[in-house]
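Protein chains in written order, with our numbering: chain A, 202 to 562; chain B, 202 to 562; chain C, 202 to 562; chain D, 202 to 562.
Hints were generated in silico from the structure; no laboratory data involved.
This structure is a prediction, so every number in the text was calculated from the model and none was measured.
Do not rely on the hints blindly, as some may be mistaken.
Same chains, same names: a pair is fine if it fits in one copy or spans any two.
Straight line, CA to CA, 27 Å or less: simulated BS3-like cross-link-like pairs of lysine-lysine [what the hints assert, rightly or not]: (1) K392 / K402; (2) K221 / K288; (3) K470 / K389; (4) K478 / K402; (5) K402 / K288; (6) K470 / K402.
4 protein chains.
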Amino acid sequence: MSNTFGTLFRVATFGESHCKGVGAIVDGCPPRLELAEADIQPQLDRRRPGQSDMTTPRSETDSVTILSGTENGLTLGTPIGLFVPNKDQRPGDYSKMSTTPRPSHADYTYQMKYGIRASSGGGRSSARETIGRVAAGAIAEKYLRVTHQTEIVAWVSSVGDVDSVQPDLITVSRANVDTNMIRCPDPKASKHMMQLVAEVKDAHDSIGGVVTCVCRNVPAGLGEPVFSKLEAKLGQAMLSLPATKGFEIGSGFAGTRMRGSRHNDPFIKKSRGLGTKTNFSGGIQGGISNGEPVYFKVAFKPPATISQSQQTADFEGNSAILEAGGRHDPCVVPRAVPIVEAMAALVLADSVLCQNAIRRE
Amino acid sequence: MSNTFGTLFRVATFGESHCKGVGAIVDGCPPRLELAEADIQPQLDRRRPGQSDMTTPRSETDSVTILSGTENGLTLGTPIGLFVPNKDQRPGDYSKMSTTPRPSHADYTYQMKYGIRASSGGGRSSARETIGRVAAGAIAEKYLRVTHQTEIVAWVSSVGDVDSVQPDLITVSRANVDTNMIRCPDPKASKHMMQLVAEVKDAHDSIGGVVTCVCRNVPAGLGEPVFSKLEAKLGQAMLSLPATKGFEIGSGFAGTRMRGSRHNDPFIKKSRGLGTKTNFSGGIQGGISNGEPVYFKVAFKPPATISQSQQTADFEGNSAILEAGGRHDPCVVPRAVPIVEAMAALVLADSVLCQNAIRRE
Amino acid sequence: MSNTFGTLFRVATFGESHCKGVGAIVDGCPPRLELAEADIQPQLDRRRPGQSDMTTPRSETDSVTILSGTENGLTLGTPIGLFVPNKDQRPGDYSKMSTTPRPSHADYTYQMKYGIRASSGGGRSSARETIGRVAAGAIAEKYLRVTHQTEIVAWVSSVGDVDSVQPDLITVSRANVDTNMIRCPDPKASKHMMQLVAEVKDAHDSIGGVVTCVCRNVPAGLGEPVFSKLEAKLGQAMLSLPATKGFEIGSGFAGTRMRGSRHNDPFIKKSRGLGTKTNFSGGIQGGISNGEPVYFKVAFKPPATISQSQQTADFEGNSAILEAGGRHDPCVVPRAVPIVEAMAALVLADSVLCQNAIRRE
Amino acid sequence: MSNTFGTLFRVATFGESHCKGVGAIVDGCPPRLELAEADIQPQLDRRRPGQSDMTTPRSETDSVTILSGTENGLTLGTPIGLFVPNKDQRPGDYSKMSTTPRPSHADYTYQMKYGIRASSGGGRSSARETIGRVAAGAIAEKYLRVTHQTEIVAWVSSVGDVDSVQPDLITVSRANVDTNMIRCPDPKASKHMMQLVAEVKDAHDSIGGVVTCVCRNVPAGLGEPVFSKLEAKLGQAMLSLPATKGFEIGSGFAGTRMRGSRHNDPFIKKSRGLGTKTNFSGGIQGGISNGEPVYFKVAFKPPATISQSQQTADFEGNSAILEAGGRHDPCVVPRAVPIVEAMAALVLADSVLCQNAIRRE
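Next comes chain A alone, as it looks inside the complex (with noise of 0.2 Å):
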């Protein structure tokens, strides 16, 4: 289904850049959770563009409303509505629609499957998109803290070339996170990230980037045989998110080039019960987590606006130069943070509550 996600713990978003405004509904969220705006608003905020230089200029300020499901500050296990109004709800002027498709936007390819699109703003495959997921997942997070005391921090890990130093993935937390803007906790990569990203911008280019996520206390067991493997489902919410093009978990491509007997990881006994002395598995074996951090990596490509001109077709094939005005974020991967955690939390409260089916009482 293309607008819900989720078996159990499932979300369905609407609303795309220039309508009334964006929005969720949350169906199967258990009852008796406590839940109110304030849990949701935080990580809005940090999704929010004009936080910095690093993010566009635009101001949204993206104040979400709970329409339903809650009463006196608890769920009732009745879908939660969500919404968000949008600040500019004017759609475009057909008659200036450009008869030029921005090259690697969704402009062709939503007019090839749809035979119409949305007159401005990226209708709905623009990054506003993203804002009933954050919401909503936001719940997921909430849901899965008061359980299993589940914790998720992702950050940025590079920005084009500049790498940064892993963290310690038992500890990283999104204060560390937080204490730049480029939202990497390595402080030197930090800074240069944040210089090449004030180039780029000067040069009226774009950057990509790479954004890891840990999640700790995730219960063994969670990850459903075969299709839906902890790991699959994880892959298609993160490469669900627009300008994702790899996802990784665990070792990832570089665990390609390794041999087994070091890939391999040894189990030890620990406090909490058998556990891993490493962890290329990324907490995941056979397609279910194995009590240990869950960690993966998302890579998000340069955006395609970009304010200087391409030489490009229009939708005739004829040649053309696209002069692409207004001001647009030079590098996503800051943004992008609160919105991998968003998604990792909708997953694993989903992979919860289809593990809590088949419990024996």
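Given the structure of chain A, go ahead and fit chains B, C and D onto it with the hints provided.
Frame of chain A; chains B, C and D shown alone:
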């Protein structure tokens, strides 16, 4: 749903390593497609172990029977039952069942999830599970070929540290791929790969690798934003395969290091209509196919089962040495090639049906 | 999925009686359909309470807003958000919340399922929940009308013991139905029905009834054997409505008393192609529409909320007298008419899309 | 999904009348359930034709094999493959295939939907399709019995105009039901029913009937508002069976004639907790089970295949006389009894798993 994949072109699989057999139900295959066992068997033969020194020497013939859903060589639109008997149907002896979970295998996680696990051979986490996928995928591929002349070709692009030269995505064929047992169309690299596998095998070790896949003649318009974007479903499909650690579409992680001005794919006129000059997008923009070749990479870790002894712990947490007997694949990527092709076909066929649904007469 | 309905033309609803509002997301509506609030509002107006003495005198205007998914009056293929604010948004006072579950209402079962329930107004089990269905159904109906000239007409065929003469299934229209407040196109029966409802109301009691529905210009070939046969999905749709106790397709229970030689519908040539002489099948054979009118009946019980005192027990099992205040519908069937039409439209639109999927170009 | 049923406890079925065989995959059955063929075969034997004069004299033994998903007599949590071979596997001869669709059968609609149909025996619309349901339902029933002591008993409550006295819903057992071949626990009515069936058979005709079913020890809290209310899923399940025309829960259509003051079920203290004095609700309120017995009725039409000649039209619309050969069930209800029980078990087991998912530890 754990053992079902697809919205309209759906496959449900069953079977583990030592039960009566493995198989699948393909539900939603359009009617009046010419179909016989001969359309399915070739890919099962490519998947089969024992084809060479590269793979495990166990002999399994894996002959498929179509149980239902066709008559006089045509599909009826009803579910297609598929069955492949297991040669060795004896369940293991519980009394001899290991008290030590194999490192980086699924013994521990299956036990944690289900409170029980198959006594031998890996059960459902065994590679034998993929037979149902390959059989179903062959039907999906036939449908795509007949309706859209779609071609799907996968190959081994690296083994361990041995990389290969990328073949021409427009012309590379299964015949090219099958010129050597490692299934790499680069003759020079293939030799080094085979040497490496032999070396690793002699060392009682294992090694990982990468499979690259290209899908040509994929019509523009496939993929369902936002949660079932084409790359998201391909990602889920590939990461649901045993031993996978990563997925890249188009430019992948390398794309994160590029600037937008370089990464953007300019539109140009092509004979079939509008195309792109470069293809860093991997044939997908905004989650929807654009008519260019769809290509992606899948990372496979080194197999967990190695024949050297490993220091680990038993289920109780006591230190233990695991001595794995038997003979196993030192490297899974050659056999993964048809499995990757099958999953790609399942995703594309399902996407075609979903797109058919909204076309206006 | 509990609050989502449909495979391709999908609706997810949210909202209960005293939250901010109620609404729906319609996901999968084909693009380029002309759509505005004016296409939706009329059926909401027919559903609205306070239209007459027949229904509850609460005043709710129920104005719908399209939040997303359209631009310049055309659907975009993206999810259509729909919202209707609640007038009375105050949650109940827990301290005054009844310790006595209302007989045959959902108080007890919601408490048992969720361990919590809305403090007032019935929450999600309230008839207000059906607003989202009616709004979504109006969109489905528009799609069916534009693509297949499908017409859906429901009416009240009985109230209590008052039965009516069945109208001509080929010509009965909503105009005929709306000639009286009870929505029965038989003028004589409608008067008796209204008398009965007035009588029951004066007695502080309630009464049940039956809604019959016909769908004309349903193309042959709709319905997905075996678990999603057309009558099975219609049955689920209707039995998911509040207060329903039964569903009949075609000849229904009366058909069980007939012999096959009489019940079989002989084929005859019709202008549109092959048709049937009689239509005991109700337009569906083998779970698939045959091109004849699809017609069915839905049984609605007497509303559980009555304003006379009832001898019952409280949650602790102590004997209790329940005195229900407020003013409520003595009979739900007149307002059920547009709701039944909406659910029929949702089932048919989804079936059309599913059938589109397997058509060969 | 057409050939898949259930959200968590899922069954996918395959097979038509003259292919290799019929079967099912049960996906989602909890692990560590004792299960062997002997748990499944009895219900298949009750479904089997040729048990008496009441049913078709074709001889089919219908022995089931568990292909996967169990080891040493316990379920593994992996998909359970089930297979029953067909005795007569010959597809029909196309050259002899009738050009006249059988009235009220699925010949015409399958042809319209798929553009092809099985050449003989009804294909997927044949009653043989229900074998997979019965086998899967037996597993669901075992799970319900072991975890909740749930008992499911169905019987024939009417044949044609012959009605029977309703047995005590608390005590009626399958042993009572199986005391006669018509499967009606009312001894007097059962004789009249058998006489009627014999009469109808001699007249080369067929007759319909009603199956009533009660489910005891259904825990309170099952059912997923709003679209998957318990009665809605039961309704879908029953109306997906061949030859069904109606479904009633609790008071059914008769309930529409009652006043609320009589229809409401007052709460009273019972040994297990709060219960209701009457049970017009049929054990379900607000779409959720209340702990009282769930009971419902299913209407089956007279079988379409009769051995007298019928005036009809061929596919071209030309007048034609259809002379049906072969010997067929004059009345399907006795054999429908275990099929109704199976579908009830599938709905309840799925509902139990869904409810498990939201329980707080």
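(message) Within, between, both or neither: how does the pair K470, K389 come out at a Cα-Cα threshold of 27 Å?
(response) neither (36 Å within a copy, 46 Å between copies)
(message) Reference check for the pair K478 and K402, CA-CA at most 27 Å: within, between, both, or neither?
(response) Result: close only across copies, 25 Å inter versus 43 Å intra.
(message) Regarding K470 and K402, is the shortest C-alpha distance of 27 Å or less found within a copy, between copies, in both, or in neither?
(response) Classified as neither: same-chain Cα gap 50 Å, cross-chain 31 Å, threshold 27 Å.
(message) One pair to classify: K392 and K402, alpha carbons no more than 27 Å apart. Within, between, both, or neither?
(response) This pair counts as within: shortest intra-copy Cα distance 15 Å, inter-copy 46 Å.
(request) Evaluate K402 and K288 at a C-alpha cut-off of 27 Å and name the case that applies: within, between, both or neither. (result) Answer is within; shortest intra-copy Cα gap is 25 Å, inter-copy 49 Å.
(message) For K221 and K288, with the copy left unspecified, which applies at a CA distance of at most 27 Å: within, between, both, or neither?
(response) Cα proximity of K221 and K288: in one copy and across copies (8 Å, 20 Å).
Against the hints set out earlier in the document, violations occur for numbers 3, 6.
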